[in-house]
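Chains as they are written, first to last, in the working numbering: chain G, 1 to 369; chain W, 1 to 278; chain B, 1 to 428; chain U, 1 to 251.
Quick caveat, the hints were computed from the structure, so don't treat them as lab data. Check the hints yourself; a few may be wrong.
What the hints assert, rightly or not - Label pairs and their in silico Cβ distance ranges:
id	chain 1	residue 1	chain 2	residue 2	range
1	W	Thr31	G	Gly25	25 to 31 Å
2	G	Gly102	U	Ala172	35 to 41 Å
3	B	Pro281	G	Asp101	53 to 59 Å
Just so you know, even glycine gets a beta-carbon here, dropped at the ideal spot from N, CA and C.
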Amino acid sequence: MEDKLPEFLFRNELQRLLDCLITKGFKVIGPKVEDGALVYSPLEQVAELPLGWSDQQAPGRYRLNQTDSVRYFHWANGPQALKPLLNPPRNILWQAKRQADGSLEFIVPDDSISPVAVIGVKSCDLSALALQDQHFLEGEYPDPAYQARRKSLFLVAVNCSTAASTCFCASTGDGPEASTGFDMVMTELEDGFILQAGSEKGREVMAMLPLTAVSESMLQQKQKQKETVFAAQSRQLRTIEKTDLAEKRAHPCWDDIAERCLACGNCTMVCPTCFCHHQTEEAQVNGVDSQHVREWDSCFGGSHGQLAGFQVRDSVKSRYQQWMIHKLDFWQEQYGRSGCTGCGRCMTWCPAEIDFVAEANLIARGEQE
Amino acid sequence: MNDPFLTPMPAVVESYVSESPSIFTLKLRLTNAADRAAYQFMPGQFNMLYMFGVGEVPISIVSDPDDPTLIEHTIRIVGRVTQAMAKLKEGDQVGLRGPFGRGWPMALGREKDLLIITGGLGCAPVVAAINYALQRREHYGKVSIVQGVKHSDDLIWEEQYKEWQQLHNVEVNLAADESGPAWPFHQGRITELLDKVSVDIANSVALICGPEGMMDAAARRLLSLGMPGYSIYVSLERNMQCAVGHCGHCQMGADFICKDGPVFVYPDVADRLMLEGV
Amino acid sequence: MTERRIKIDVPSLARVEGEGALHLKITEGALDALQFKIYEPPRFFEKFLEGRHYTEVPDIVARICGICPVAYQVSAVNALESLFQAPLTPWIKQMRRLLYCGEWIQSHSLHIHLLALPDYFSEESVLGLAAKEPEVVKRGFAIQEAGNRLIRFLGGRSVHPVGLKVGGFHRAPSAEEAKELLEFLQERLPEAVALAEWVAGIKLPEDEQEFVSVALSTEQFAIEAGLLRNSQGLQITEDQYEAHFTESQSPHSTALWSLMDGQDYLVGPLARLNLNHDCLPAFLKTLLNRLGDPFPSRNMFHSMLARAIEICVVLHEAISILQSYQPDTPSAEFSVRAGAGFGWSEAPRGLLWHRYTVDEQGIITAAKIVPPTSQNQARIERDLEKSLTAFGLDKADELLRLHSEKVVRNYDPCISCATHFLKLTTER
Amino acid sequence: MSKPTLAVHKFSSCDGCQLALLNMGEALADLAQHVEIKHFVEAGLVNEDAKVDIALVEGSVVTAKDQQRIRRVRSNSRYLISMGACATSGGIQALKNLADNPADWIGQIYPQPEFIDSLDRSSAIKQYVEVDFELWGCPVSSLQVSEAVATLLNGAEPLDNQEKLCIECKRAGKICTLVTGGEPCLGPVTRAGCGALCPAFGRACYGCYGGAELSNQSGLRKRLEGLGLPPESIQKRMHLIHPDPQQQNER
Ligand SMILES: Cc1cc2nc3c(=O)[nH]c(=O)nc-3n(C[C@H](O)[C@H](O)[C@H](O)COP(=O)(O)OP(=O)(O)OC[C@H]3O[C@@H](n4cnc5c(N)ncnc54)[C@H](O)[C@@H]3O)c2cc1C
Ligand code: SF4
Ligand code: SF4
Ligand code: SF4
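Chain G with its partners taken away, still in its complex shape (with noise of 0.2 Å):
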């Protein structure tokens, strides 16, 4: 139970919540119409949200189109989660340099991390970034770049008021509603915004904004909101206990999926959890500077399972398995909970409209959607 009651910010007044954050040091991303698609950069005023934009999803499919809605927070999601900002597709960990006499030097860059503020953040998304979290800071060696940009890291919900055809997070039970892992949530009404601090620092940013009480109606509407969206979640994933999947590596369907899986990594990418980098050395030709970078990988890639004379994986089939049954299954071993959190991007980005959750509950029940 919170200790102190939600209180509302007027539509017209939103712009004070952005304008709070920057004066107090953020660097705001939020969610932007980008080469058609929804995805989180920087902005700084309100008229860059996406207002009365909405998505159609399906696998394989993603489309934006335009209401004339007031909302600005009325869509599912785009093809990023938080991922990038706190697992970068792309950083270098060290910089070689060899010095005449042949010694080495090795350099950390130090890249000056400046704090963040996301606004906008979906409960499916919480979800993962608390799995990513799990992964790179709760075990034996602490990603320190990671651990660097996550504290520094200011998270603004919204909880979801329409689910696209994808979506199936409230059979993952990771949402629609967020109910922790963030410092703000708001969930969206016609006149504004219901607002609650998740943390100390989401109720200094509340008291500086111009709030007013809330009303037993509003109340009424989140709540009819919040079951709207589970009411409109078509989709399903059934319950998958460790080693549904495991035991399962001769079910048929996994050739008829391997026929249309391109293995272009693509649900690998999106996927909010999944973790995979490789690292490469980009040496210059002068023989003096190196440097050894990190990158996303994937499961579906050829060096992901290559070992000197050996591929671990060298069918489509066997690289389709490893990301199904790593995900659903292994994860529950390695996390303690699968590592899907009802997204549906790998779905929706799927150049071949594989559909993750029908295939799943498929081998993994034997149920026909």
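Using the hints provided, position chains W, B and U with the ligands relative to the given structure of chain G.
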């Protein structure tokens, strides 16, 4: 100060020994005194070795943990980085991160016989265990080394096996699936050889390293000979980039080889050893 | 004069784009044979284009030449857009010009520094030149990079760029990208002016010759479009080209020779400056005045200065376009129609003419491309004949060889361009 | 110690890959500090028969003379790298390999075909001699060339990156043109390396970097057919810059 597990420490090549046309041994010394003082390892652990301008590879430490200032690696030339490393000379520098992973159960093997089974083109991780036991002869019983190759011509580093064979209470058995005319050892599968080797099954610990199919077959044979599963250890290998459980490449099933292994007790991984694509 | 028979062969001409050779025979003090050979094998582009959809044309023709892909792309889309009557917006037209500015900067700077200048410093290559004139070479690289960046801005990469399409562009770059580029270009303008001044100070051979200059012209300095004019008063449009210009094959060349009303002619920077001198921006007219303006000039060695001046023209132009840059709808709607389309533009080396015939489905049924190097080929041989005679055929072989190479480089012949496949319509 | 030596040889091509070197700017001067460039005609250095450590070969083999010359280049070079589409797969001019009657083309075109030296096929360098490393792309980028050379100078073979363009596209944060616009993108079967330029320009990849590892071409064909593209046009699209399937990178 850089984190020694995340950023390489400079290390100098103290000595370079060519063991065979495709195997060489590097003795490395960390150049920075503080790094050197802090460095400790266990047999079966590995380092990430970095070649300037080329990249990094995981390599087991084969030297004795009692002298952690001289870190020895026996390396087989298989590809880009190992080829470049083979060109190192004394006095050259490399980078080193580590040590990583869980090594061989040397404590568990105390007072017991060691059965060391390796296959394929030879497997460096077991060298660490052999060296360790031979340095502490009094703590271990008989050391039986069983090596299997596909073809007798594949046996590299024959001299080393011969040297070991000369030692007291060490037995070396070699098997080749196919062999040339001058092959003085067993012809056939390594599993057949296991039937012949005289081991005190109840009082031995088996350390196995090699291709997964061979490890699985050898472990099963040992089980059928009556060795308890908890006495059988295997060393696994997967592509490895970060060695700290972040990069995801070395996952095998739910395990990260780099931090949960590379050495596993056989029953924990038996189910997945023979699965394709895991 | 002593009697002498010499034979000079330059088996592969260095510092030209593509593979060519020179063959001279002097018998008893007279030129007996002179051949500028283009032996690079043909690549049959016009044949490949047949059966392809018109949307693929820009990506295909770019591959005729890695040094002036934009010229090929723009001439091609000019031809197709005129056929389809695509309603190009001022923004699209301006961006075409901007993209083309990038190619001129890149190609001219490359030619001056990497290909031509070493001749004047008795160096084999720019690497040697860099030791003698490090600042000049550094400045040259920076100017060349300005060209590369401009092409990347609208095309993603400077060789075989991907941004342009029939009807406009695939994408309008953002205002931020434009701003960043603008700053870099602004820093280059004074350097380009300094380059022109410096080039004007290089001592050149005196080598006046009669020739006809051919170039496009418009009110602005013509680059991506215009009417064709020559120094004899001819003025024609794209579709009239074939009535005046004809190609023929010669045994020693895989490129075809082009003649204008039966005579050889010059295209390229010198021809353009000779004809379009009046369109230069005021600051360049002033600059040229100060440098003792040689244009119009009949000395082919003024080509290098012409290139340097053109770099200033287009850099200045690019800066002014970018100063008011705003993204806009990148392409225009049009419908495909069957027929023949003609298009041309001023490639860095000179006029580049294309003709396509297209069916109702937008499939190319025939293509013809006349690149600048085939247009200059007859002129190059005529020039060599005259300038070697003027230089003195009694000079040592090595000097004759060096001088001929220097003459050929004035034209910046691009042999890759010259050896795409040319379909013959006329008989010899 | 003497510097390693380098040669750049040109066969049938557009010259665009050599520009990867000529457009390097100061990095070219830098490179020349560390390697001795023996032969590079376009840059003015002519010594075709020099023995070198590294030979970069641009262009495809299309004449009988080329066949002889590439063998000489091979025997004069310790490490031979084919650079660009022409050298790795025959390039766009290998479209003639697909013609029924390539021999007739010259006759159809040139009034005196006897002057033209041209084989019926445009062949990748590896069709004639052993190639140590391939740099795919039409054109290759300066970065590809300098990294390959730098790695060799450091004593190792360059890394053969065969990952798919989609991975590079997503890393670069580009929006998928196939998913948002139904564009016939070849990214899922194309080698990475260009930096996902086409998707960055909102257009579909046309495959100029050649085939990627474990490409599911038939899967992509079916998908593009599902978008309404006729099979012939998909075929043409897949075989534009690397037209000759026999010389594609099938592994
Ligand atoms: C825990 C562990 C301990 C090892 N100990 C030794 C040892 O003591 N001595 C020894 O000779 N070898 C050892 N290896 C194997 C050694 O790491 C590989 O042979 C080496 O990485 C090959 O690198 P390369 O650059 O020479 O080959 P590459 O040219 O990179 O290619 C050879 C193959 O190895 C794969 N590979 C590349 N990098 C890695 C990597 N970082 N991890 C795993 N695979 C990779 C490649 O994908 C490729 O298929 C060990 C491996 C592991 C995982
Ligand atoms: S598996 Fe798919 S739906 Fe689940 S979190 Fe990843 S991308 Fe989203
Ligand atoms: S499932 Fe889809 S997105 Fe994932 S690798 Fe296969 S085709 Fe690509
Ligand atoms: S645009 Fe093309 S390259 Fe990029 S992700 Fe989509 S299919 Fe792949």
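Check each numbered hint from earlier against the structure, then list the numbers of those it violates in ascending order.
1
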